[in-house]
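There are 2 protein chains.
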Amino acid sequence: MRRITGLSNPTVKSLRALRDKKHRRRERRFLAEGLRLLTDARETGHLPAMLAMAEGRERHPLLDALIADVEAADGDVVELSEAALAKITGKDNPQAVCGVFEEFDTALSGIDRKSAPLFLVAQAMRDPGNLGTMLRTADAVGAGGVILIDDCADPFSVEAVRASMGAIFTVPLAQARWEEFRDWLRSGAGQLVAASLRESHDYRKAPYAAPCFVMVGNESRGLPEDYEAECDLRVHMPMLGRADSLNAAVAAAVLGYEVLAAVG
Amino acid sequence: MRRITGLSNPTVKSLRALRDKKHRRRERRFLAEGLRLLTDARETGHLPAMLAMAEGRERHPLLDALIADVEAADGDVVELSEAALAKITGKDNPQAVCGVFEEFDTALSGIDRKSAPLFLVAQAMRDPGNLGTMLRTADAVGAGGVILIDDCADPFSVEAVRASMGAIFTVPLAQARWEEFRDWLRSGAGQLVAASLRESHDYRKAPYAAPCFVMVGNESRGLPEDYEAECDLRVHMPMLGRADSLNAAVAAAVLGYEVLAAVG
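If you're matching them up, the sequences are chains A and B in order. So in our numbering, spot 48 of the first sequence is number 37, and the numbers just go up one at a time. So in our numbering, spot 55 of the second sequence is number 44, and the numbers just go up one at a time.
Don't take each hint at face value.
[What the hints assert, rightly or not] Now the in silico label distances, taken between C-beta atoms and shown as ranges:
#: 1; chain 1: B; residue 1: Lys103; chain 2: A; residue 2: Gly179; range: 44 to 50 angstroms
#: 2; chain 1: A; residue 1: Pro83; chain 2: B; residue 2: Lys80; range: 45 to 51 angstroms
#: 3; chain 1: B; residue 1: Glu47; chain 2: A; residue 2: Lys80; range: 51 to 57 angstroms
#: 4; chain 1: A; residue 1: Glu60; chain 2: B; residue 2: Ala96; range: 54 to 60 angstroms
[What the hints assert, rightly or not] A few chain A residues facing chain B, derived, Cβ under 10 angstroms:
#: 5; residue: Ala165
#: 6; residue: Trp167
#: 7; residue: Ala238
For the record, the hints were derived by calculation from the structure and aren't laboratory data. No residue lacks a Cβ here, since even glycine has one placed at the ideal position from N, Cα and C.
Model the full assembly from the supplied sequences, consistent with the hints where possible.
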């Protein structure tokens, strides 16, 4: 363990910078915050390259275990002042702890369509909280992965990682342009399904088939028409009120659980 | 329409202050931002007491209609500098517009259990985004209302209002302590249902009965044991991955849609 003093120390600056997408892109590393999340990571075989915590913290057996594992793996364990840690995490919490992880490869080739009966697909999902929530749902429904199409929020942002509740470490993740995804999908078995207001099946009685790819669109615009047209199945969910859409992460979950019941 | 100049004008200050819960509590007024949200409000018969927008904005027919209606109802329409508006909304968007509304009454007596087959109940839900999303889902499933138990996030916060996508104006909303809610519930017909890890029914085959009250708990702690024990029905949803819970707004939606299919 090493001690770092001062707020302008290069390590503090570089950790702080990982809150910015630009820096993450360049460094290909990301931050995960909180003992619970870091413990989830550890339990799934992911140790941070660097672990940072405040000097004045209370001891905790899970934190001790984490420190021991990171040190055993030749990782970097650093102690900072509370002020320096607050600068990194943006939170005034002396119990805070954060870890720096290498980004995972997110090529489509990492997705195995034979590994599960369903997959979740998000198109241009802009809200990192929604994106993390979708990863969390994917874990719950046993999805074989989450595929991010076009310009989605960064799944390695602090907000998305937090909302994923650890699923960022366990759910296979891919990022691709639409054309690339479509070509990959059509190169093997796979049913592409989307919720739609256009002519479509009742989502409770639709002929889902594994491997089923459940796709939801952008928060404001929904799916582009030509993407919807490419789907093998368009389903509609009851919308009994004034609004004509659900929150995107909610739509993915309601449809995901329905598909799980049908083909899981 | 009146013009306001300067950043320290009392109107600007009082609008800015509505982002704070303390001030909202005292004033019993809340902010809603964006033309879409304000138009939703107008279309459901809710006009702001005050409407504020930037001087340099572009004209828009929906905004013109809104201004006309607010003025016809003797509301206050104000034009501000872009800087003053940015101070209020926290956003650098000269097209921004915001309205100030009177808070609604949120007594339990405003909920009519005969009005719908299902209702959503949140206990100690702390995230305003989750809370707004739940309101939005309640609109979609045709719920007769959302009931907030114990210390929930403020449904009138800017974040909750935004996430509700207008449902704050259309879905009946109540706030109550647990004991008060329980007494009210037991004074008439009503089945209380919660997702649970304890001995419980498969959520796809459970004997739901209208009016059904679907309850979800706090984001970190879930429902207190004694609240769960008070439920008429405990159901479990598949959790096939590492995690043992869903995002609270997601859980409410998956269960809400299931109940809708059974009793709707």
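Hint check results:
In this structure the hint that B:Lys103 and A:Gly179 lie 44 to 50 angstroms apart at CB holds, the actual value being about 46 angstroms. For the pair A:Pro83 and B:Lys80, the beta carbons lie near 32 angstroms from each other, so the given range of 45 to 51 angstroms is not met. With their beta carbons about 39 angstroms apart, B:Glu47 and A:Lys80 fall outside the hinted range of 51 to 57 angstroms. Between A:Glu60 and B:Ala96 the beta carbons are some 57 angstroms apart, a value that agrees with the proposed interval 54 to 60 angstroms.
Among the interface hints, the one on A:Ala165 is violated; its C-beta lies about 23 angstroms from the nearest C-beta in chain B, farther than the 10 angstroms criterion. Here the hint on A:Trp167 is broken, as its CB sits about 26 angstroms from the closest CB of chain B, past 10 angstroms. The interface hint given for A:Ala238 holds, since its Cβ lies 6 angstroms from the closest Cβ of chain B, which is under the 10 angstroms cut-off.
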